[in-house]
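Colleague: My request is simple: use the sequences and hints to build the entire structure.
Taken in sequence, the protein lines are chains A and B.
Here our numbering = 1-based position in the first sequence + 89.
Here our numbering = 1-based position in the second sequence + 1211.
Computed beta-carbon distance windows for the label pairs:
#	chain 1	residue 1	chain 2	residue 2	range
1	A	G135	B	P1336	35 to 41 angstroms
2	B	P1336	A	R107	55 to 61 angstroms
3	B	P1263	A	A136	18 to 24 angstroms
4	A	A331	B	V1339	29 to 35 angstroms
5	B	L1218	A	D265	55 to 61 angstroms
6	A	Q198	B	P1263	39 to 45 angstroms
7	A	A194	B	P1336	22 to 28 angstroms
So the derived list for chain A, only partly shown, Cβ under 8 angstroms to chain B, looks like this:
#	residue
8	R118
9	V122
10	L123
11	L127
12	L130
13	A133
14	V134
15	T137
16	I138
17	R141
18	T142
19	I217
20	R220
21	A297
22	G307
If you are wondering where the hints come from, they were derived from the structure by calculation, not from laboratory data.
Using N, Cα and C, we set each Cβ at its ideal position, and we do this for glycine too.
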Amino acid sequence: MTNARTARSAREKSAELRAEAARKEARRRSMLVLSAVLAVLVVAVGATILVRTAGDQKAAQVAASSRPPRNLADGGIAVGNADAAATIEVFEDFQCPACKSFEDANAAQLAAWVQAGTARVVYRPISILDRSSSTEYSTRALTAAAAVVDASPAKFVAFHTLLFANQPAENTPGLDDGQLVSFAQQVGADVPAVQTALKQRRYDTWIATVTDEFSKRGFTGTPTILVNGVRLEDWSPENLRAVVTKAAG
Amino acid sequence: MTSLSTLLVARQPWLSTAARALLAGVLVLAGWPKLLDPEGTVRSVRAFQLVPESLVRPVAYGLPMLELALAAVLLLGLGTRLAGAATAVLMLVFLGGIASAWVRGLSIDCGCFGDAGALVSDPVPGYVRDILRDLLFLGAALLLALRPRSRYALDGLLGLHPEPAVPPADRPAGTDRPAMTDRPAMTDRPSARRTGAPDVRSPT
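Modeller: So, in structure tokens, the structure goes:
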């Protein structure tokens, strides 16, 4: 009886030891796998950050050798009397449907104010919707517009009007470079300048800079309309008229 | 009730497999567009106004890769407990970001799937939708952190999260073997223990 008990107790003890060893081995293995997974996550994320940051630095060096379009005023495309009492700033993307709505609703009024000297309009086109077309239409349209400003500033408003009148739908290829060039021709702008700019993507750096500045000012969507520096939530023609009349008053 | 919980316990490895697949899919859908549009992701992160400007770019550059790497290890079932815990933390961060944008009255789209923090006129329905969705994902991630054992997982091949051992049916009652308190599947099923439980996963 005593012998049998001792034998069983020894058996149980060795079984317990084996189980304990197995548990330790399982824990060791588990730690190994988890460490490996953690290492993969950290390396993947760290490498991506490093590569992109290095890319940014390289781009900054390239930026030093490229230049923004000429004929800008305060970094925007100013139209009208510089002494006008009201300055209307228009942040817009040529691919953005709401910007087309703004243009459709207010373009005539803006033109009348510019004509009368009531207001000055500063267009600040940016590119935030490249992923809405398969061909980076936002950036290409703005490149063409920048080339028009650079070479034929007097033709900008007409070119701008044509771009919005022919705005492609989102999630389509958009208009090709040839069509953009033909708009430039239509408004009498310097055609070779627009062709070259599109071919070389000459204003990519400037476009990235103005788009980043827009975001850094805390703006998140287009159109963003400022009247004398104050953002307008409601840009309906009625409200815009009320605000501008007051500012000009 | 008991039968339901028994069923859930028995089916847990399959539930965890489903959770892995769900989260891996969601993380790919979230990470891929962000990876393809780094500048848009930068603007999205900035729009939340939570990260200091000097960290906006590192966060925006690292986040998509973190999402994709988590998706990969979840899909493989590798280090499931860690991957589940990390995904849960990520979801908590997203939930906090969305809730704080709501509380501060920001009118932004979350940019969760690369829609770039765009301005929206009435953001509240979007916030509610995003929060409910992220809560579901948080639940799935917590399941994996707490119950990492799942089918079709590399962890299993590597010997992690083994099946709970079935105690021998002929063990005499009253032996002083320590109770397996961490094995609810066993303690919940006295009948299974008596009969030797030929198939622990049978949905009876």
